[in-house]
Amino acid sequence: QQPVQSPQAVILREGEDAVINCSSSKALYSVHWYRQKHGEAPVFLMILLKGGEQKGHEKISASFNEKKQQSSLYLTASQLSYSGTYFCGTPVGGTYKYIFGTGTRLKVLA
Amino acid sequence: DVKVTQSSRYLVKRTGEKVFLECVQDMDHENMFWYRQDPGLGLRLIYFSYDVKMKEKGDIPEGYSVSREKKERFSLILESASTNQTSMYLCASSLMTGAHREAFFGQGTRLTVV
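Read top to bottom, the protein sequences are chains W and S. Take the first sequence: its position 34, counting from 1, is numbered 34 in the working numbering, and each next residue is one higher. Take the second sequence: its position 107, counting from 1, is numbered 107 in the working numbering, and each next residue is one higher.
These aren't lab readings, by the way, just hints derived from the structure by calculation. None of these values were measured; they are calculated from a predicted model. No residue lacks a Cβ here, since even glycine has one placed at the ideal position from N, Cα and C. Some hints could be false.
[Said to hold, decoys possible] Calculated lysine-lysine pairs in the DSSO-like style (CA-CA distance at most 30 Å, straight line):
1) W/K97 - S/K18
2) S/K57 - W/K26
3) S/K18 - S/K70
4) S/K71 - S/K13
5) S/K57 - W/K68
6) W/K97 - S/K70
7) S/K55 - S/K18
8) W/K67 - W/K50
9) S/K53 - W/K97
10) W/K97 - W/K68
11) W/K26 - S/K55
12) S/K18 - S/K71
13) S/K3 - W/K107
14) W/K67 - W/K26
15) S/K55 - W/K97
16) W/K50 - S/K57
17) S/K71 - W/K37
18) S/K13 - W/K37
19) S/K57 - W/K97
20) S/K55 - W/K50
21) S/K57 - S/K71
22) S/K3 - W/K59
23) W/K97 - W/K26
24) W/K37 - W/K59
25) S/K55 - S/K3
26) S/K71 - W/K97
27) W/K37 - S/K57
28) S/K57 - W/K67
29) W/K37 - W/K97
30) W/K68 - W/K50
31) S/K55 - S/K71
32) W/K107 - W/K68
33) W/K37 - S/K3
34) S/K70 - S/K53
35) W/K50 - S/K3
36) W/K97 - S/K3
37) W/K50 - W/K26
[Stated by the list, open to error] Here are a few chain S residues that sit away from chain W, every Cβ distance over 10 Å (derived from the structure):
38) S8
39) G16
40) E17
Work out the full structure: start from the sequences and follow the hints.
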């Protein structure tokens with residue numbers, strides 16, 4: 001039931017772009033993206049609702065394709081501060097449950 | 001700002017001990033969750049609660065139990081700690097319903113069972 005993220009890990013140089021994908025075997029009603037820096041708690045980045053795409057902060061944006069049960073996070077012109085582990089999260093429809101994807105470790109090098 | 005506080009950042013316990021992990025939130029959120037985080041496996045849901053005294057199993061509840069006696073406090077209990085429960089444990093809270101119920105996290109407890 002846990003959404004699967006790809007890639008598992010990615011290394012970039014400053015200024016490069018990256019895409020992180022989140023795929024679910026079940027219907028997604030909304031998707032949230034989080035970033036966890038080393039030694040810290042995950043922090044909410046943005047929400048994607050059905051039928052919409054929402055830009056977040058900095059140069060990070062995301063898309064949501066409810067038909068394909070997928071969401072993608074786009075990091076443009078990456079900065080050192082983007083390093084961390086990214087998770088997609090989603091409430092499970094019809095329940096109070098909230099689950100996360102498998103995570104993607106991103107490292108940005110100078 | 002939402003604050004979710006976990007009682008310990010680091011814990012070392014012996015195999016067979018009973019272990020309590022405590023979590024308190026100050027935003028009057030109905031939902032509270034316990035996850036464990038392991039490399040390559042992301043965040044896996046252990047138990048959650050949507051109201052005082054209400055609890056539901058998550059995806060990996062075996063070996064754990066929970067308690068929610070007050071709305072702001074959610075405890076995770078390892079009845080008899082085992083080495084395969086060595087992990088990072090994260091507590092989170094959220095609003096009860098709706099698409100906007102993103103999770104707010106505590107700092108995590110790194111538990112080592114020896």
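Now for the hints, and whether the structure bears them out:
no.: 1; hint: W/K97 - S/K18; result: holds, 26 Å
no.: 2; hint: S/K57 - W/K26; result: holds, 19 Å
no.: 3; hint: S/K18 - S/K70; result: holds, 21 Å
no.: 4; hint: S/K71 - S/K13; result: holds, 28 Å
no.: 5; hint: S/K57 - W/K68; result: holds, 28 Å
no.: 6; hint: W/K97 - S/K70; result: holds, 19 Å
no.: 7; hint: S/K55 - S/K18; result: holds, 20 Å
no.: 8; hint: W/K67 - W/K50; result: holds, 10 Å
no.: 9; hint: S/K53 - W/K97; result: holds, 16 Å
no.: 10; hint: W/K97 - W/K68; result: holds, 21 Å
no.: 11; hint: W/K26 - S/K55; result: holds, 23 Å
no.: 12; hint: S/K18 - S/K71; result: holds, 23 Å
no.: 13; hint: S/K3 - W/K107; result: holds, 28 Å
no.: 14; hint: W/K67 - W/K26; result: holds, 10 Å
no.: 15; hint: S/K55 - W/K97; result: holds, 11 Å
no.: 16; hint: W/K50 - S/K57; result: holds, 27 Å
no.: 17; hint: S/K71 - W/K37; result: holds, 29 Å
no.: 18; hint: S/K13 - W/K37; result: holds, 26 Å
no.: 19; hint: S/K57 - W/K97; result: holds, 9 Å
no.: 20; hint: S/K55 - W/K50; result: holds, 29 Å
no.: 21; hint: S/K57 - S/K71; result: holds, 18 Å
no.: 22; hint: S/K3 - W/K59; result: holds, 27 Å
no.: 23; hint: W/K97 - W/K26; result: holds, 14 Å
no.: 24; hint: W/K37 - W/K59; result: holds, 17 Å
no.: 25; hint: S/K55 - S/K3; result: holds, 22 Å
no.: 26; hint: S/K71 - W/K97; result: holds, 17 Å
no.: 27; hint: W/K37 - S/K57; result: holds, 28 Å
no.: 28; hint: S/K57 - W/K67; result: holds, 29 Å
no.: 29; hint: W/K37 - W/K97; result: holds, 24 Å
no.: 30; hint: W/K68 - W/K50; result: holds, 12 Å
no.: 31; hint: S/K55 - S/K71; result: holds, 12 Å
no.: 32; hint: W/K107 - W/K68; result: holds, 28 Å
no.: 33; hint: W/K37 - S/K3; result: holds, 18 Å
no.: 34; hint: S/K70 - S/K53; result: holds, 8 Å
no.: 35; hint: W/K50 - S/K3; result: holds, 29 Å
no.: 36; hint: W/K97 - S/K3; result: holds, 20 Å
no.: 37; hint: W/K50 - W/K26; result: holds, 14 Å
no.: 38; hint: S8; result: holds, 14 Å
no.: 39; hint: G16; result: holds, 29 Å
no.: 40; hint: E17; result: holds, 26 Å
Checked against the numbered hints given earlier, this structure breaks none of them.
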